[in-house]
Structures are given as structure tokens and as C-alpha cells.
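Visitor: Read off the chains here:
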Amino acid sequence: MLSTAIIIFREVLEAALIIGIVAAATRGVPGRGYWLVAGVMAGLLGAGVVALFANSIAEMASGVGQEVFNAIVLGIAVVMLAWHNIWMTSHGAELAAHARSVGNDISDGLSECSVLLVIVGMAVLREGSEATLFLYGIATSEGAGTMSMLSGGMVGLLVGAAVGYTLYAGLLRVPMRWFFTVTGLLILFLAAGMASRAAHFLIQADLLPSLAEPIWDTSGILSQQSIFGSLLHILVGYEDRPAGMQMVFYFTALISIWIGMKWVARSAKPALKKVLSSEHG
Amino acid sequence: MKYLLSVFMFISSLAMAAEPVEPEYVLVIKDHKFEPEEITIPAGKKIKLKIVNKDSTPEEFHSDDLKREKVILGNKSGFTFIGPLTPGRYKFMGEFHESTAKGVVIVK
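Going line by line, the protein sequences match chains D and Z.
Numbering-wise (our numbering), the first sequence opens with residue 250 and increments by one.
Numbering-wise (our numbering), the second sequence opens with residue 9 and increments by one.
It is possible that some hints are incorrect.
[What the hints assert, rightly or not] Computed list of chain D residues with no C-beta within reach of chain Z, every gap over 10 angstroms:
#	residue
1	Ile256
2	Tyr283
3	Leu285
4	Met290
5	Gly297
6	Ile321
7	Ser360
8	Leu382
9	Gly433
10	Gln474
11	Leu481
12	Met494
13	Trp507
14	Lys511
15	Ala514
16	Arg515
[Unchecked claim] Ranges between beta-carbon positions, derived for each pair:
#	chain 1	residue 1	chain 2	residue 2	range
17	Z	Met17	D	Val298	15 to 21 angstroms
18	D	Tyr283	Z	Lys41	23 to 29 angstroms
19	Z	Val60	D	Leu399	27 to 33 angstroms
[To be verified] Some, not all, of what chain Z presents toward chain D, calculated at C-beta under 10 angstroms:
#	residue
20	Glu45
21	Thr48
22	Ser85
23	Phe87
Hints are computed from structural coordinates only; laboratory data are not their basis.
Glycine included, each C-beta is placed from N, C-alpha and C at the ideal position.
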């Protein structure tokens with residue numbers, strides 16, 4: 250039961266942390282709670298479907314369909330997170346200052362919410378499909394252990410969700426002054442870490458060269474398997490033995506999203522000034 | 009959705025175009041154990057590891073040392089690429105049956 254709990258916990262943890270950060274980062278966007286839940290539901294449904302088609306997926310792409318699939322799911326999440334950050338750059342200040350024009354708000358809010366659904370859905374899909382396969386594997390081999398497996402899984406799920414919620418609640422306590430900067434940075438590093446993981450899958454599938462691996466080995470200092478190490482891995486993309494190509498993907502994602510945000514910030518400033526002055530004028 | 013499909017097919021075609029030049033090693037999963045439990049491979053080379061699951065239930069080939077994770081469904085086989093590696097011992101295990109499924113890749 251404990252081993253089931255631990256494995257389910259690790260899968261849930263990643264999705265829970267992502268959901269916690271994204272939930273905090275979209276604070277103020279109207280109706281985003283419903284979209285978050287919808288994203289989780291869609292992800293769970295998708296995870297079931299993926300587990301069902303696991304065989305066909307695995308055999309696609311000359312046997313590396315699984316890796317390609319994981320890389321694509323991660324890639325979509327990176328794009329969505331990037332979109333969110335860039336969107337937030339132009340709208341975040343408005344949300345914080347409660348300066349809105351209703352018309353724009355609804356359609357913008359809708360597109361941000363659908364991006365939210367995809368981000369959450371992708372995270373749950375990725376972790377959920379692996380968890381589903383794992384549970385299926387255990388259920389079919391240890392016939393008598395179904396009850397302990399289920400309760401182990403529940404425990405893992407609850408603890409993982411609790412950690413995610415703690416992160417969310419903790420973020421909400423950040424003073425408004427820094428709030429969107431903090432969540433923006435968290436999302437930026439989340440996206441870069443995912444880009445690095447997408448590269449890892451493509452390297453595993455021999456679709457990308459590793460470009461020297463490992464670039465460094467800090468597994469003695471902070472192992473990726475340790476609790477802190479795996480938290481750092483999820484949140485910031487820490488790798489104890491990264492491949493060169495992973496670092497290329499990591500920094501490319503980091504820099505491109507950062508540039509995108511800065512560029513939008515510059516063009517949003519005059520528009521924001523206009524909105525603010527018309528509110529207070 | 010269509011866009012997604014074409015991206016997937018593009019990446020798949022890259023895989024199909026790649027010619028296998030790496031030597032192939034085989035690992036069998038039977039009764040939730042690996043056969044053999046020790047594989048020796050040369051250092052500094054990328055090798056293809058074929059994993060054949062002779063059990064009827066899925067197993068996940070998982071190695072923190074090699075940084076590889078792959079689910080192999082029951083009565084199916086899959087493969088992954090490892091290396092180039094520096095000499096040493098790299099442990100791996102079957103994540104769904106950790107107590108019995110374990111092994112080591114020895115790199116010389």
C-alpha cells in the first residue's frame with residue numbers, strides 16, 4: 250500500500266503543483282475556477298483514453314510513440330504557459346488595478362480560460378495516464394491487494410493535492426505588489442523545465458542528439474530523486490545530470506518567453522495608461 | 009486537432025527516417041524479473057536496448073542512473089536508447105514490481 254501511495258503521490262504532485270501555480274496566477278480572471286475544474290476533468294478523461302490506447306501509441310513512430318506523445322503534450326503545455334504569461338503581461342496590471350473595460354474583458358477572459366483548461370488538462374493527462382497504467386499493472390498482478398492498492402492510491406492522491414493546495418494558498422499570501430511578478434516567474438521556469446523534459450523524451454527516442462550528457466553531475470549534492478530535488482525539478486527544471494540538448498531547450502524557452510513578455514509590456518504601457526486615465530479622469 | 013495530428017506525424021516520420029546503427033541489446037521481463045539482471049555495454053557508445061515483456065501485465069523500465077523511464081505493456085516489447093555513458097554501474101528496475109524486478113547495466 251505504501252509503495253502505491255508513494256508512486257501515485259509523485260504523479261499527482263507534479264500536476265497539483267502546476268494547477269496550484271496556474272490557479273494562483275489566474276487570480277482575478279472571471280470564472281476561472283470552473284475552467285480549472287473542467288481542465289482537471291478533461292485531463293482525467295484523456296488519461297483514461299490514453300491508457301486505453303497505450304498500446305497503439307507505444308507502437309506509433311517505430312516504437313517510440315510514447316516518447317513522442319509525451320514530448321508533444323509537454324510542448325503544448327510550454328506554448329500554453331508562454332501564452333498565459335504574455336497575456337498576463339498586458340492584462341495583469343489591469344486585473345490588479347481593477348481597471349477593466351467590460352467588452353474586451355469577456356472575450357479576453359474566455360481565451361485565457363481556455364488556455365488555462367489546456368494547461369491543466371495536459372498536466373493531468375500526462376500524470377494521469379502514467380498513474381492509470383501503473384494502477385492497472387498492479388491491479389492485474391496482485392489480485393488480492395486491490396483494497397490496499399486503492400487506499401494507497403487515495404492517500405497518495407490526497408497528499409499530493411494537499412501540497413498543491415498549500416502552494417496555491419501560500420502564493421495568495423504574497424503581497425499584491427509582487428504577486429503577478431512571482432507567479433509570472435514561477436510559470437516562466439515551469440515552462441522552461443517542461444521544454445527541457447520534452448527534449449529529454451526526444452533524446453530517449455533518438456530523435457534528438459543529446460549533445461554531451463551529462464553536462465554536470467550533481468546527483469551527489471542534490472539528487473533529482475530526493476524530495477527537495479524533485480520539487481526543484483518540477484518547479485524550476487533542475488536536473489542532476491542534464492544533457493546538453495536539454496539545456497538548449499531550457500534556455501531557448503526561458504529567453505523567448507521572457508522576450509515575448511517584455512515586448513508586450515512595452516506596447517501595452519500606452520494602452521494601460523489610457524485605460525487608467527479614463528477610469529480616474 | 010488536425011494541426012496536432014500533422015505535428016505528430018511529422019515527428020513520427022523523423023523517427024522512421026532514422027536508420028538504426030546502434031548495436032542492440034535485449035532485456036526480457038519474466039515473472040516480474042529481468043533476464044539478464046546484468047548487461048554489459050561498451051563505454052562511450054549509444055546503444056539500443058530492446059525490452060521484451062513476457063508477462064501479461066505492464067511493467068515500467070525505470071532507471072534514475074540512466075535517466076530512462078518507459079512503460080512496456082504486457083506481452084509487448086519496446087526499446088529505448090542509452091548512452092554514450094562513462095564506465096560504471098547503472099541500476100535499473102521495474103517500477104511496478106520494485107521488489108523483484110531489478111538489474112544493473114555495467115559500462116566498461
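Visitor: Hint by hint, say whether it matches the structure.
Guide: Going down the list of hints, with the structure as the test:
With 10 angstroms as the threshold on Cβ separation, the claim that isoleucine 256 (chain D) sits away from chain Z is violated: the shortest Cβ distance comes to roughly 7 angstroms. With a minimum CB-CB distance of about 23 angstroms to chain Z, tyrosine 283 (chain D) clears the 10 angstroms threshold, and the non-interface call stands. Annotated as non-interface, leucine 285 (chain D) keeps its C-beta farther than 10 angstroms from every C-beta of chain Z; the closest such distance is 22 angstroms. Chain Z leaves methionine 290 (chain D) outside its interface by the beta-carbon criterion, the shortest separation being 19 angstroms against a cut-off of 10 angstroms.
Once the 10 angstroms rule is applied to beta carbons, glycine 297 (chain D) is consistent with being away from chain Z; the minimum gap is 15 angstroms. Against chain Z, the non-interface label of isoleucine 321 (chain D) is violated: not every CB pair exceeds 10 angstroms, the least being about 6 angstroms. With a least beta-carbon separation of about 17 angstroms from chain Z, serine 360 (chain D) lies farther than 10 angstroms from that chain, consistent with its non-interface assignment. For leucine 382 (chain D), the condition that its CB be more than 10 angstroms from all CB atoms of chain Z is violated, with the nearest at approximately 5 angstroms.
Listed as a non-interface residue, glycine 433 (chain D) keeps its Cβ farther than 10 angstroms from every Cβ of chain Z; the least gap is roughly 27 angstroms. The claim that glutamine 474 (chain D) is not at the interface with chain Z is violated, since a C-beta of that chain comes within 10 angstroms of its own (minimum 5 angstroms). A cut-off of 10 angstroms between C-beta atoms confirms that leucine 481 (chain D) is not in contact with chain Z; the least separation is 15 angstroms. Consistency note on methionine 494 (chain D): stated as away from chain Z, and its beta-carbon is indeed over 10 angstroms from all of that chain's, at 13 angstroms minimum.
At the 10 angstroms boundary, the C-beta of tryptophan 507 (chain D) stays outside the reach of chain Z, the nearest C-beta of that chain being 25 angstroms off. No Cβ of chain Z comes within 10 angstroms of the Cβ of lysine 511 (chain D); the nearest lies about 28 angstroms off, and the non-interface call holds. Under the 10 angstroms C-beta cut-off, the non-interface status given to alanine 514 (chain D) relative to chain Z holds; the minimum distance is some 29 angstroms. Under the 10 angstroms C-beta cut-off, the non-interface status given to arginine 515 (chain D) relative to chain Z holds; the minimum distance is some 30 angstroms.
In this structure the supplied range 15 to 21 angstroms holds for methionine 17 (chain Z) paired with valine 298 (chain D), their Cβ-Cβ distance being about 19 angstroms. For tyrosine 283 (chain D) and lysine 41 (chain Z), the hinted distance range of 23 to 29 angstroms is not satisfied, since their beta carbons lie about 48 angstroms from each other. Look at valine 60 (chain Z) against leucine 399 (chain D): about 30 angstroms separates their beta carbons, and that is inside 27 to 33 angstroms. With a cut of 10 angstroms, the hint placing glutamate 45 (chain Z) at the interface with chain D is violated, because the nearest CB-to-CB distance is about 20 angstroms.
Interface restraint check: threonine 48 (chain Z) against chain D, minimum CB-CB distance 20 angstroms, threshold 10 angstroms, status violated. Satisfaction of the interface hint for serine 85 (chain Z) is found here, the shortest Cβ-Cβ separation to chain D being roughly 8 angstroms, below the 10 angstroms cut-off. Of the supplied interface hints, the one on phenylalanine 87 (chain Z) holds, with its beta-carbon coming within about 6 angstroms of a beta-carbon of chain D, less than 10 angstroms.
Comparing the model with each numbered hint stated earlier shows that hints 1, 6, 8, 10, 18, 20, 21 do not hold.
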